[in-house]
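Enquirer: Chains as they are written, first to last, in our numbering: chain D, 324 to 677; chain C, 324 to 677.
No lab work stands behind these hints, which were simulated from the structure alone.
Hints may be right or wrong, so weigh each one.
As the list makes no split between identical chains, a pair holds if one copy fits it or if it spans any two.
[As the list claims (entries may be wrong)] Heads up, simulated SDA-like pairs for lysine to any residue below, C-alpha to C-alpha not over 20 Å straight-line:
| no. | residue 1 | residue 2 |
| --- | --- | --- |
| 1 | K671 | Q612 |
| 2 | K585 | S657 |
| 3 | K587 | E659 |
| 4 | K587 | S657 |
| 5 | K587 | D666 |
| 6 | K627 | L677 |
| 7 | K585 | S606 |
| 8 | K627 | Q591 |
| 9 | K523 | D560 |
2 protein chains.
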Amino acid sequence: MNVIDAFVKKNVEWLRATGPDSDVVVSSRLRLARNLKDFPFLQKLVPSQQEQIVELMRGVLEKSTVLKKSHYLRYNDLTELDRQFLLERHLISREHASEKGHKAVAVTPDEQVSVMVLEEDHLRLQVFQSGLNLTESWRVVNQLDTEIEKNAEFSFSPTLGYLTACPTNVGTGLRASCMLHLPSLVLTKQVHKVLQALAKLNLAARGLYGEGTQATGNFFQFSNQMTLGQQEEEIIDNLASVIRQVVDQEREARGFLGEKRKAKFEDQIWRSLGTLKSARVISSSEATQLLSLLQLGILMGLVKSNLTHQDLNALFLLIQPAHLQKISAKTLNSTERDVRRADLIREKLTQVNL
Amino acid sequence: MNVIDAFVKKNVEWLRATGPDSDVVVSSRLRLARNLKDFPFLQKLVPSQQEQIVELMRGVLEKSTVLKKSHYLRYNDLTELDRQFLLERHLISREHASEKGHKAVAVTPDEQVSVMVLEEDHLRLQVFQSGLNLTESWRVVNQLDTEIEKNAEFSFSPTLGYLTACPTNVGTGLRASCMLHLPSLVLTKQVHKVLQALAKLNLAARGLYGEGTQATGNFFQFSNQMTLGQQEEEIIDNLASVIRQVVDQEREARGFLGEKRKAKFEDQIWRSLGTLKSARVISSSEATQLLSLLQLGILMGLVKSNLTHQDLNALFLLIQPAHLQKISAKTLNSTERDVRRADLIREKLTQVNL
Numbered sequence: 324m325n326v327i328d329a330f331v332k333k334n335v336e337w338l339r340a341t342g343p344d345s346d347v348v349v350s351s352r353l354r355l356a357r358n359l360k361d362f363p364f365l366q367k368l369v370p371s372q373q374e375q376i377v378e379l380m381r382g383v384l385e386k387s388t389v390l391k392k393s394h395y396l397r398y399n400d401l402t403e404l405d406r407q408f409l410l411e412r413h414l415i416s417r418e419h420a421s422e423k424g425h426k427a428v429a430v431t432p433d434e435q436v437s438v439m440v441l442e443e444d445h446l447r448l449q450v451f452q453s454g455l456n457l458t459e460s461w462r463v464v465n466q467l468d469t470e471i472e473k474n475a476e477f478s479f480s481p482t483l484g485y486l487t488a489c490p491t492n493v494g495t496g497l498r499a500s501c502m503l504h505l506p507s508l509v510l511t512k513q514v515h516k517v518l519q520a521l522a523k524l525n526l527a528a529r530g531l532y533g534e535g536t537q538a539t540g541n542f543f544q545f546s547n548q549m550t551l552g553q554q555e556e557e558i559i560d561n562l563a564s565v566i567r568q569v570v571d572q573e574r575e576a577r578g579f580l581g582e583k584r585k586a587k588f589e590d591q592i593w594r595s596l597g598t599l600k601s602a603r604v605i606s607s608s609e610a611t612q613l614l615s616l617l618q619l620g621i622l623m624g625l626v627k628s629n630l631t632h633q634d635l636n637a638l639f640l641l642i643q644p645a646h647l648q649k650i651s652a653k654t655l656n657s658t659e660r661d662v663r664r665a666d667l668i669r670e671k672l673t674q675v676n677l
Numbered sequence: 324m325n326v327i328d329a330f331v332k333k334n335v336e337w338l339r340a341t342g343p344d345s346d347v348v349v350s351s352r353l354r355l356a357r358n359l360k361d362f363p364f365l366q367k368l369v370p371s372q373q374e375q376i377v378e379l380m381r382g383v384l385e386k387s388t389v390l391k392k393s394h395y396l397r398y399n400d401l402t403e404l405d406r407q408f409l410l411e412r413h414l415i416s417r418e419h420a421s422e423k424g425h426k427a428v429a430v431t432p433d434e435q436v437s438v439m440v441l442e443e444d445h446l447r448l449q450v451f452q453s454g455l456n457l458t459e460s461w462r463v464v465n466q467l468d469t470e471i472e473k474n475a476e477f478s479f480s481p482t483l484g485y486l487t488a489c490p491t492n493v494g495t496g497l498r499a500s501c502m503l504h505l506p507s508l509v510l511t512k513q514v515h516k517v518l519q520a521l522a523k524l525n526l527a528a529r530g531l532y533g534e535g536t537q538a539t540g541n542f543f544q545f546s547n548q549m550t551l552g553q554q555e556e557e558i559i560d561n562l563a564s565v566i567r568q569v570v571d572q573e574r575e576a577r578g579f580l581g582e583k584r585k586a587k588f589e590d591q592i593w594r595s596l597g598t599l600k601s602a603r604v605i606s607s608s609e610a611t612q613l614l615s616l617l618q619l620g621i622l623m624g625l626v627k628s629n630l631t632h633q634d635l636n637a638l639f640l641l642i643q644p645a646h647l648q649k650i651s652a653k654t655l656n657s658t659e660r661d662v663r664r665a666d667l668i669r670e671k672l673t674q675v676n677l
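Same shape as in the complex, but just chain D (with noise of 0.2 Å):
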């Protein structure tokens, strides 16, 4: 499949770490749930009425500039690997890439704006930005839901907004969600107290593949629960200063571990590297906390390298199972991806001198 191999190649854009606050907050995202008037919800749309929604949305996204240049791939000429490689790009959800059936995915070619089509809902349009950057999130996902909606009318209800096939998304149907790079708040244990905080405001915490996902490796995706009652920007101004928040606690955790913890907080992050220049054999799990605490050693001066915090970003993506896989041009079992993931690694940290 030439336009997912093309994307093997390319640099997620939103994770040029090049955004406000990209110390800690690795990328913003945000998505609306749209569905069709003239349609039934998903779960009674018969696959003659699927493959008519998918036909009809490939002719609408078209239209829209914010998607200029994008791919439409209709799930049915994808492998299975193929929507693996989409879902961990955050292209497509979970639930998106294990199951069958007319799908597709409009994706545009620096991969910062992507519409589902057929998910839970009709539509999922979504906009990733690098570091904490909801308002420009924000603005282009506004203007290519208004772009949509001018070639396709939206199931809405005046008093209750837009409707949608879970409850939970009526309204608004946004989630705005954030995610966060918290190795210090881990390494001091206060992770825990800023999580429980985090849900007396009503935010979700999940891990770095959305609904269901533990954190791992020290990263965290915050994002708003409620879509009703409130106005979009009061939703995203909430969830932004929240995570304002958490930013400043985890540069000051940062700061004690440099500090006040010196020689026990080094040994960690150089054992990290040790660790991850060293191994033949690495699970997905052991290597996502190592670059971790990399990554934080790098970002605190601590690690000298040419290394890019965006070349340890794509780094992160590059060992996932489908990644791997599709690098090595080739099906690898859990076993062989373990090895081919300490190979990429060793690699890549080439020029990170120990």
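Got chain D; can you put chain C on it based on the hints?
Expert: Quick look at chain C alone, frame taken from chain D:
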């Protein structure tokens, strides 16, 4: 203390890894327990008698050709750190190092021969050789014994043999022991079977520093338990023949790991090196364990390096607490030692590439 400081910079002759089977057998050691006929055993000696023996033995030992150019170190002239240092080099025993009073040790410049004065017995003659070389050790210690006996009369019973402070040493007064490096038998979990078999043969297994110490870093010291009712040559031949079998088993286990468990095994070796080359804080026991695996990797040709077997043998010694302090020329507490140890290891392993 000039003599001790000179030792710090020297390589220990019996750690040169030049002896037979030194891929598995680090060293062979023989010791003879002897007591002077004209004095009561140690526990009944009054301080003035102790002083008398220490002075007397200086003169007697000086006449031995085996002890030519040896240093006669009186404990009263040594600091506690000096004694700890001599203990780490196996020149004096643990009991000897911690006790105060009139005691001394004669050490040859190559450190292959030493005589402890007023340890558990009046005299403990010991000879070290690299590898499995009990025959040569016996030749040397036997000559030393004969030379000393020319100028001192030993407690001897025609029926029992040499009399000693502890009945377990009566008869020959001989303890023969070999220090074995058995990383592969440990990794393949076969070592307990070996230890059980040796116990049935009345051989004792101990750690690096003799009685009451645990095996660390896959090093085991095996020795005869019986000193009575057997000729010296018989004791030595018995031990050597058992050791040869253990050597074969360790070599077989190395082959098994290198062939049947290649990936996992190589990963362990390289990770050990990675940690050694990166740690900023490391305990003695962790370092010994990791160096043991690195040693194995070098012996098996997995890790290519200019670092010789002897260099590594020396490193096991240099990372011990007293050695670290002697090298640094200052007192270091436990935390400071863990940092200094990590520094030293990184420095020594600069030439070993990941």
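Enquirer: Each hint: holds or not?
Expert: How the hints compare with the structure:
Taking the closest pair of Cα atoms, K671 and Q612 come within 20 Å of each other only inside a single copy of the chain (16 Å); across copies the shortest separation is 29 Å, beyond that limit. For the homomeric pair K585 and S657, the shortest alpha-carbon distance between copies (17 Å) is at most 20 Å, but the shortest distance inside one copy (37 Å) is not. In this assembly of identical chains, K587 and E659 lie within 20 Å of each other by CA distance solely across copies; the values are 12 Å between and 34 Å within a copy. In this homomeric assembly, K587 and S657 come within 20 Å of each other (Cα to Cα) only across copies, at 14 Å, whereas the closest approach inside a single copy is 33 Å.
Taking the closest pair of Cα atoms, K587 and D666 come within 20 Å of each other only across two copies (14 Å); inside a single copy the shortest separation is 28 Å, beyond that limit. Taking identical chains as interchangeable, the C-alpha atoms of K627 and L677 lie at most 20 Å apart whether they share a chain (9 Å) or sit on different chains (18 Å). Proximity of K585 and S606 under a CA criterion of 20 Å is satisfied inter-copy only: 17 Å between copies versus 28 Å inside one chain copy. In this assembly of identical chains, K627 and Q591 lie within 20 Å of each other by CA distance solely inside one copy; the values are 16 Å within and 27 Å between copies.
Taking the shortest alpha-carbon separations for K523 and D560, only the intra-copy value of 17 Å comes in at or below 20 Å, while the best inter-copy value is 76 Å.
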